[in-house]
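Chemist: Residue numbers (this note's numbering), protein chains in the order written: chain G, 95 to 614; chain R, 9 to 491.
Any given hint could be a false lead.
Said to hold, decoys possible - Derived coverage of chain G by chain R (criterion: at least 3 residues anywhere in the stretch with Cβ under 8 angstroms from a Cβ of chain R; other residues may be distant):
id	region
1	166-178
2	240-250
3	268-281
Rather than coming from a laboratory, the hints here were simulated on the basis of the structure. Each residue gets a CB set at the ideal place from its N, CA and C atoms; glycine is no exception.
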Amino acid sequence: MDVSNWPILSMLIFLPAVGAALIFFIPWRGDFLPKTLALLVGAANLWLSIVLFRSFDPTSADMQLVEKSAWIPELGASYYLGVDGLSLFMVMITTFMVPVAMLSSWDQEGRRQDLFYGFLLLLETGLIGIFLALDLLLFYAFWEVMLIPMYLLVGIWGGTNRRYATLKLIIYTMGGSLLMLVAILALYFFHHAQAGEYTFDITKLYETPVPPHALLPMGLAFFVAFAVKSPLFPFHTWLPDAHAESPMAGAVDITGLLIKTGAYAFLRFLLPLFPEFSTSYAPVVVTLALIANLYGAMLATVQDDLKRLIAYSSVSHVGLVILGIFVFNVQGIDGAVFMMVSIALCSGGLFMVVGMIHKRSGTKEISQLGGVWKDMPLLAGFFMFFTIASVGLPGLSNFVGEFLIFVGAFKVGVLYGVLATFVMVLTAVYLLWMFWRVMLEKAPVRARPWQDLSMVETITLTIPAIVVVVLGVYPKILLDRIEPSALKLVGQVKKEAAQMDYAAKENSIRLAKTERGESE
Amino acid sequence: MEIALPIVNLGTILPQLIVVTFAVAALLIDAFYRNVLSVFIVSFLGLLLALCAVYSQYGVAVPYEESMVAINGYTVFFNAIFILVAAATMFISLGYVDLTGVDGGKYYPLILLATLGMMLLVSSRDLLLMFLAIELLSVSSYVLVASQQERWVSNEAAIKYMLTGAFASAFLLFGIALVYGATGAIDFVTIGRKLSGGQALLHVQVGIAMMLVGLGFKVAMVPFHMWAPDVYEGAPTPISGFLSAGSKVAVFALLLRLFTDPFSVPHVDWVSALWWISVLSMTVGNVSALLQTNVKRMLAYSSIAHVGYMLVAVVVLGERAMEAALLYMAVYATTGLAAFGCVAYLSKGSEERVNMQDYTALAYSYPIQSAVLSVCLLSLAGIPLTAGFIGKFYLFGAAVNSGFIGLAIIGVLNSAVSLYYYLGLLLRMYAMPEGAAEVVMSHPMAGRLVLAVLGITILVLGVYPSPLLGVIKEVVAAIASPV
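So that you can see chain R by itself, here it is in the shape it has in the complex:
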């Protein structure tokens, strides 16, 4: 029997190859030398090289027909975001890992592997690779969540995450099987062509529903969001940020692509369902966040609300909505990561500050972290001159432009609700200290620097978003034109 080997153009998967090579190398270094710093350096180097490789792919186009891993503006844009998020997470973890007894030797390579999953996810052209990428991402995340072995909440969170995650994967797989059964194809292009031909079959619709459930679990949209607060609370804080900035954005980028590419025709039948999911996610997320006294849980619920906002783009679809979604995800990745990073960097020794009360008057002891966290909160609330405002503005603009006025109105009303908890925390941090100021913990310089850079980025994007908007317009125009 003859087996035809597929022709593989290694150039197209160069960034992914670099990441996986360095991840394995870092794991081997850990196995033989057990030196966390060198593991960190090797992992970081891998990300740096991968970023260069991604950058070299800018402007290159390898369409889905030609390769299992595509290259276009969309993949380049997101790959760059994932790598940057991973690198920032590593820096933020730097001090945290030592303090909280995480085994850094496994931790950093796992971040790389999760990043690889995200990168493959946005570049995949068929359902199979997509599923594998999601699993790679999920399994790495389960372990990362559990990486504080001493803390039982961390383990509890990991188990919860794994059980719901496995459940979601089953749904996803079943959905994939149904779509495959109906269309006889697993690649997006063929599925799209088959579905555009005739009436959508019942099993395709059921398949899409199942996939939506599966992916909905992964991005934590209502009503599949129950796991998120527990997991974000239990996970090591930099990982909470990584999950909300990285894996959520990655799965969401895929969701957006599924509805623009293979399922663009059945999308019509899903508008009202997606509309409701979007509204519910915003509302449930914001209202639940109002009731939290734990900052990590509050940020988790706020991230659910933000998924609701992002879903506006999936409801609306079209060039403007795509631009809005890309912008929003970039902004959210920056902000979410920085917010959790600040929480990690406001710890008292090995003990994290998670209760709202613990944040009283912190601004006078930790000015940098507090300032960055304030910027993040303002950006999450969508106050002008921060990146969050531009993102929301663009997103609701897309909705208004396509006639989804109701959705835009519900969105802005939700933003008004969210002001309560974001600005409440902000005010608490700047409240006047009573009694003597506490002894200030010194946190690693590198991480604080990264946080400051993220904070400044949020402000700069809010005041002068033109360069990023230019890139996004280019990316969207390039992927929209062949279709």
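Chain G on its own, in the form it takes in the complex:
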């Protein structure tokens, strides 16, 4: 099949949406057929992303497979898609985890599973759209629209306190991004004032210098929008609620992990659009990231609810990712992208195991569990695997990402590196302690032993486990492709920041001169 002429990026975005439309508009009888259809669409999209991977040129740092056409010419918005080393693996992990998530919910009980799968597909459309959009308005559209299926998934099928959790989720994340909308508009008009052209094309907006008086508010608006979604301390409070109330089978949690779109958006938008802002406030951001890293780990230690525990651990990991981004060197950014992929796999695996435990025990509270190993050795094995992967055992994927981030952090400041490495110890503490309490501690009396993993469940867990090992042993597949784009990004940020320094110096010299002139 000749795939070189296909508009593969558009297909990646819209295939799930078409699948969702089929599920919604055909009056299916029963759940099985629509579920199978959804899984097939997810698999087809995975295949498309492999095609994308193969046609991706690892040596280039530029946008590849670009698709561009006018969208709303009156506003200067275009339908502009492209992929580079930063977004390639975000897309791939999305297309990979969505079918896995579907499998993990395969025998979830509850009504109208067909709609559940339809919304999952819509969510995939939104996520891939975010990763591929190179037009600010298009990006913004996907960024906000993606929340609606997320909202409905948690809101319809979620736990008892779901109404509160979903409203918190939506108001936090949308409220954060609405301020960004104002900043986007301001940027758009600044660009017009300077270049005489209305456009949302980010490659053009990268060049737009932002006037100094607007830099702080605009940069802050973007920063907050992304920080809420990442979520970075102190904007993280919605996340544990959303995870705790989401449907049990884990599908939504996994796609929730993909909401690490925030971290990606830092790389794609905040850094290149506002290099001066990013560099001058980097110490603040790094401090927040370190606090998040430590605070997430500490809170995770004391959680009794397994899902909350994993949610806080993901807050902690996100802190690490953002640390990697804001040290502005290739290792840090490589590590951050790698880590995002790895978190989705490892924490995703943990969420799935927790879902499977819940299905049997009806609880996700650690104090109600214990001794699970005896009943379900296979499940316990997978649980162990994903736990130690999350801890960062060498040879598994998390280790590579963490290591790179530490290298990046040490290059910038020894203190950053030391603090971040210290938190690693805590991570090991809370994860292994969790494992011990759930799996090994003396079991409460149970009416009957629980069934070990079924066939589907075993397959569901094996697939991500294999990828975790492969990436841990041979990370070069990812790193080779991330690196050129990371280098380019670092160059962009550093160069512009250097220019700013120069301009600032020039300005201060001129100021000093005029002052002297007046005094003389």
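Given chain G, put chain R in place with the hints provided.
Modeler: Chain R in isolation, oriented as in the chain G frame:
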């Protein structure tokens, strides 16, 4: 004594003539045959012909100097919207009228007369015609609100509406008198010329204030909004939609024109007052909507908030703001109408579903209405890929462009607040049903079709707004160039 008859070019008022002729004809048919269906058909035919007549006026320009009823892109644009709104309202009322004991024979012609008022309102070139048009619109609306004679809330709403409306009209008239006294003219062009000459007199300012109060009542902006929730709640639901989509937009279109044409010079003195009214309308509307348990009241408060958004355009003014306002009004007319239409079409027999609780799990019994209502809610909340987003985006863009950053920020924060109640209702509709599904009422096909068309329009405008934006740009460029 010789009376000089003015030269009337009937071609310029052809759409209005058609509407009034068919309205009278429909009333006569009702008087002699009492056949509601034929009244409906005649009224609809009138609207259809009027739409053709409006369409034929596209590109024609009859300036204000030459005729009492002007034609330009602005009037054509709005007349088309009003006619479409009226036609959609009629279709939505189709099943509703039979169910709720409304006398259809008077109801449909009254919709036509109210539409005539709106059409004259945007086309009027002087204060007198403007006042007459507003009265025509208002009086028809009072009766329409009262058309469910059996329901006491409907009557109560009508009386409230009429009392406040009459009060507002008095203010408006007094304002008009003051402006006339100061400038000696009633037509917009002369007033504009006189006011641009020298310093604004005190009575002009007082006159503008009074007119603002009067018009503020009619569009329900804060602090003149108290009547709106009661009236929208009490009125027959399609009429609530008609009021929010039609009459509100019409009066607002006039307000926008008053500040661009005759009062463009005194506008400077009013920026801060309008700024506050806009902010208050958004905030009070949204915060009050949060507290509602009645869906119609919630939509009423949300429409107050939307007036606040639209007022952003009046604060900012300029070509971009005009475009934004036109777009926003077109979008709001579609969305508001469709939202109330869905509420009407989700009724249980003759009993309306107005409490939030009644909407639980409705999506599984009434998929079309629920889907359309969801689209409307998303659009009202300003979620991307719906028309509402493009409208808000353009509007706040105009504000940012003119340096009203604070207003834009307050606007988006308000949108964030509004998410709570819009999405709360959305989630309720899609909640899983508990127990057996209720028996599904069948509603007329035609109305459901109209609702579906409105819903699809909202989505299409959100994804591909270019054609509408093109028309709006053309319209605004045409009316902005002579000034």
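Chemist: If a hint holds in the structure, say so; if it does not, say that too.
Modeler: Hints and how they fare:
no.: 1; hint: 166-178; result: holds (count 4)
no.: 2; hint: 240-250; result: holds (count 5)
no.: 3; hint: 268-281; result: holds (count 8)
In this structure, none of the earlier numbered hints is contradicted; all agree with it.
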